[in-house]
Amino acid sequence: MSAPLEKDGQEDGQKGGTVGAAVTASPTTASSTTASSTTASATAAPILAFDDVRVDYRGRSSTVSAVAGVSLELRAGETFGLVGESGCGKTTLSMAVMGLLPDRAQVSGEIRFRGEDLVTMPAGRRRRLRGDDVSMVFQDPATSLDATFPIGEQVAETIRAHRSVSRREARDRALQLLAEVGIPDPAARYSDPPHRLSGGMRQRVVIAAALANDPDLLLADEPTTALDVTIQAQILDLLAQLKQRHGMTMLLITHDLGVVAQICDRVGVMYAGQLVEVAPVDQLFAAPRHPYTRALLQALPSRAQRSGRLAVVEGQVPDLSEPPSGCRFKERCPHRMPVCDTTPAATPAGAGSVACWLETVDRATNVELAEQVGGAA
Amino acid sequence: MIALEPVTVTSRRRRIPMPRWGGREGMAGWIILGVLVLVALLAPVLAPHSTEAIDGSRIFGAPDWSHPFGSDDLGRDVFSRVLYAYRASLSIAIGSVLLAMAVGIPIGLIAGYAGGWTDLVLMRAVDLLLAFPALLLAISLIAILGPGGLVALLAIAIIYVPIMARVVRSSVLVVRNQPYVLGARARGASHWAIVRGHVLPNAIGPALVQASVLMAFAIIIEAALSFLGLGAQPPTPELGLMLAEGNNYLTQAPWVEIFPGLAIALSVLAFNLIGDGLRRSFDPGQLAR
Numbered sequence: 001m002s003a004p005l006e007k008d009g010q011e012d013g014q015k016g017g018t019v020g021a022a023v024t025a026s027p028t029t030a031s032s033t034t035a036s037s038t039t040a041s042a043t044a045a046p047i048l049a050f051d052d053v054r055v056d057y058r059g060r061s062s063t064v065s066a067v068a069g070v071s072l073e074l075r076a077g078e079t080f081g082l083v084g085e086s087g088c089g090k091t092t093l094s095m096a097v098m099g100l101l102p103d104r105a106q107v108s109g110e111i112r113f114r115g116e117d118l119v120t121m122p123a124g125r126r127r128r129l130r131g132d133d134v135s136m137v138f139q140d141p142a143t144s145l146d147a148t149f150p151i152g153e154q155v156a157e158t159i160r161a162h163r164s165v166s167r168r169e170a171r172d173r174a175l176q177l178l179a180e181v182g183i184p185d186p187a188a189r190y191s192d193p194p195h196r197l198s199g200g201m202r203q204r205v206v207i208a209a210a211l212a213n214d215p216d217l218l219l220a221d222e223p224t225t226a227l228d229v230t231i232q233a234q235i236l237d238l239l240a241q242l243k244q245r246h247g248m249t250m251l252l253i254t255h256d257l258g259v260v261a262q263i264c265d266r267v268g269v270m271y272a273g274q275l276v277e278v279a280p281v282d283q284l285f286a287a288p289r290h291p292y293t294r295a296l297l298q299a300l301p302s303r304a305q306r307s308g309r310l311a312v313v314e315g316q317v318p319d320l321s322e323p324p325s326g327c328r329f330k331e332r333c334p335h336r337m338p339v340c341d342t343t344p345a346a347t348p349a350g351a352g353s354v355a356c357w358l359e360t361v362d363r364a365t366n367v368e369l370a371e372q373v374g375g376a377a
Numbered sequence: 001m002i003a004l005e006p007v008t009v010t011s012r013r014r015r016i017p018m019p020r021w022g023g024r025e026g027m028a029g030w031i032i033l034g035v036l037v038l039v040a041l042l043a044p045v046l047a048p049h050s051t052e053a054i055d056g057s058r059i060f061g062a063p064d065w066s067h068p069f070g071s072d073d074l075g076r077d078v079f080s081r082v083l084y085a086y087r088a089s090l091s092i093a094i095g096s097v098l099l100a101m102a103v104g105i106p107i108g109l110i111a112g113y114a115g116g117w118t119d120l121v122l123m124r125a126v127d128l129l130l131a132f133p134a135l136l137l138a139i140s141l142i143a144i145l146g147p148g149g150l151v152a153l154l155a156i157a158i159i160y161v162p163i164m165a166r167v168v169r170s171s172v173l174v175v176r177n178q179p180y181v182l183g184a185r186a187r188g189a190s191h192w193a194i195v196r197g198h199v200l201p202n203a204i205g206p207a208l209v210q211a212s213v214l215m216a217f218a219i220i221i222e223a224a225l226s227f228l229g230l231g232a233q234p235p236t237p238e239l240g241l242m243l244a245e246g247n248n249y250l251t252q253a254p255w256v257e258i259f260p261g262l263a264i265a266l267s268v269l270a271f272n273l274i275g276d277g278l279r280r281s282f283d284p285g286q287l288a289r
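Which chain is which? The protein sequence lines are A and B, in order. When we follow the UniProt record's numbering, the leftmost residue of the first sequence carries the number 1, and every step to the right adds one. When we follow the UniProt record's numbering, the leftmost residue of the second sequence carries the number 1, and every step to the right adds one.
Simulated from the structure, these hints should not be mistaken for laboratory data.
Each pair of labels, with its calculated beta carbon distance range:
{"id": "1", "chain 1": "A", "residue 1": "E169", "chain 2": "B", "residue 2": "G116", "range": "35 to 43 Å"}
{"id": "2", "chain 1": "A", "residue 1": "R114", "chain 2": "B", "residue 2": "T118", "range": "28 to 36 Å"}
{"id": "3", "chain 1": "B", "residue 1": "A193", "chain 2": "A", "residue 2": "A179", "range": "22 to 30 Å"}
{"id": "4", "chain 1": "A", "residue 1": "V119", "chain 2": "B", "residue 2": "T118", "range": "20 to 28 Å"}
{"id": "5", "chain 1": "B", "residue 1": "G34", "chain 2": "A", "residue 2": "S164", "range": "40 to 48 Å"}
{"id": "6", "chain 1": "A", "residue 1": "R245", "chain 2": "B", "residue 2": "A114", "range": "37 to 45 Å"}
{"id": "7", "chain 1": "B", "residue 1": "A114", "chain 2": "A", "residue 2": "P184", "range": "37 to 45 Å"}
{"id": "8", "chain 1": "B", "residue 1": "A114", "chain 2": "A", "residue 2": "H335", "range": "47 to 55 Å"}
{"id": "9", "chain 1": "B", "residue 1": "D127", "chain 2": "A", "residue 2": "H246", "range": "47 to 55 Å"}
{"id": "10", "chain 1": "B", "residue 1": "G34", "chain 2": "A", "residue 2": "D237", "range": "51 to 59 Å"}
{"id": "11", "chain 1": "A", "residue 1": "P184", "chain 2": "B", "residue 2": "N177", "range": "29 to 37 Å"}
{"id": "12", "chain 1": "A", "residue 1": "D214", "chain 2": "B", "residue 2": "T118", "range": "33 to 41 Å"}
{"id": "13", "chain 1": "A", "residue 1": "R168", "chain 2": "B", "residue 2": "T118", "range": "30 to 38 Å"}
Looking from chain A toward chain B, a few residues come up when the C-beta cut is under 7 Å (computed):
{"id": "14", "residue": "L100"}
{"id": "15", "residue": "R130"}
{"id": "16", "residue": "D132"}
{"id": "17", "residue": "F138"}
{"id": "18", "residue": "L145"}
By construction, the Cβ of each residue, glycine as well, lies at the ideal position given by its N, Cα and C atoms.
Taking the hints into account, I'd like the entire structure generated from these sequences.
Listed below in structure tokens is the structure:
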């Protein structure tokens with residue numbers, strides 16, 4: 001599987017023996033699609049790979065560890081959903097890909113786009129990549145368009161930033177894109193300022209600008225959160241369609257599991273800066289393995305269970321300026337064990353992977369193992 | 001049966017109040033300014049007398065039909081002199097502010113957008129200028145270069161550069177963190193394109209408001225410099241200079257003093273009206289509508 005999150009050498013020996021058991025014992029819902037995508041990942045080079053990515057925001061008095069050692073590979077052509085609650089680091093991760101983090105953010109590890117490390121890439125080359133090979137759609141279309149700029153020009157701007165085309169050609173291409181994302185009568189709307197358009201229409205303009213140069217990778221950061229529900233569905237449909245037509249890979253960031261179920265192939269679940277579980281969509285919903293994923297799914301209101309109180313995840317998100325050692329979910333976890341003070345490595349589970357000691361540690365041997373780890377540390 | 005009244009479409013016209021120009025208030029200012037500029041330009045046509053024609057029979061002559069503002073201590077026509085004086089005053093006021101904008105806005109833009117060391121170095125240099133009292137700065141410059149209209153313009157511009165730079169920088173600091181700037185960066189726009197296309201148009205509002213207020217002050221500073229004998233030199237007709245001369249005869253011939261004073265007040269009023277109007281139009285609440 002993908003690169004495991006290995007922190008401490010001493011964990012390896014323990015893991016080796018138990019991984020196989022965990023995989024065979026897991027009630028995998030490995031359908032044909034997940035099986036094929038697993039094999040594909042083994043052969044095709046990933047379009048985007050995170051390797052032990054950490055992002056720290058340095059403040060005056062404290063440093064906030066927003067992303068703590070995320071390793072992940074996106075396969076060319078897939079739609080990958082990154083879910084997690086607010087502040088779990090999913091937006092920070094996407095901004096790290098774009099290179100748009102504020103100066104006080106410190107990125108370590110590697111983010112490889114088509115094999116090239118973005119973190120160490122010179123700023124000029126990185127800018128040329130943005131909006132060309134890698135594009136982004138932001139959450140709030142009301143503020144991500146410039147109110148003093150005609151909408152069509154904002155699309156044309158993206159083209160002219162990367163291609164030496166005439167004003168006229170850029171305009172023609174922008175009109176074509178506006179039509180493609182479903183703006184009615186684009187020629188008439190081209191010179192409109194953003195406030196003449198509805199929220200959904202504005203988001204379509206943002207998407208048109210993101211697609212202007214046929215990117216290979218599209219990052220969509222909560223593209224539907226600021227929109228009302230009926231428009232949400234339309235925008236998701238549009239994104240899925242465009243992704244197909246342009247053969248893009250899409251990283252969709254959301255806190256909405258419904259959105260994930262609707263259009264994603266695989267899902268990564270983040271908690272407090274750590275990637276706790278990665279799985280194909282159907283596996284994640286059918287057989288969530290990480291306790292946090294399970295808690296999240298239980299908190300979803302379901303049609304079958306209309307009455308009664310909604311389940312909640314007990315406790316609070318940890319303070320990321322003083323994150324707990326080891327697994328960051330341990331304080332809210334019903335299965336907390338002594339070994340959880342050490343960061344769990346990502347372990348293959350079904351067609352995905354899980355970063356939880358439950359996967360590798362047999363409860364019976366837990367105490368013994370904890371002693372070993374504690375003794376070594 | 002029922003006669004339908006024709007629907008009036010006034011509401012439609014009302015919806016375009018030219019917000020960028022300052023609405024009704026600003027319009028009044030623009031009109032006054034327009035008239036004053038026209039007067040200055042057409043002074044040779046409008047002036048009934050020569051500005052330097054000395055008329056011994058009309059020393060301290062009271063206002064009458066052919067000399068609406070009266071005559072001064074040398075019997076020169078005050079009305080004609082005021083018309084010509086607007087040329088000097090307005091060109092110094094507008095010229096100095098334009099010069100200050102040309103220098104100050106780029107400084108503010110670069111400092112605010114780049115941040116970090118660039119910001120620190122540029123702003124400390126600006127603070128240095130700001131630390132001098134305005135008039136003292138102007139007077140020392142005049143002491144070096146000698147008095148004259150152009151020197152006054154330059155001196156006022158130097159006083160205004162730090163003010164302009166600060167105003168622009170502070171609005172750039174707000175604008176550069178707006179999501180649309182991030183969006184433009186995400187689309188791969190270069191820093192130059194972002195500054196020119198997104199930051200400047202969104203940050204220029206407060207600077208324009210400031211510019212109109214500064215123009216009003218420029219007229220006053222320039223008048224003060226001339227009053228002190230450091231601006232335009234006699235016999236050039238100049239508002240501050242006329243005030244200085246008229247000052248001595250205030251009790252015998254108040255018109256020598258009052259009309260140039262009113263002329264200054266009128267031009268200051270025009271700039272202030274424009275400034276207030278612009279301020280209101282750039283108010284976020286107004287833009288949202």
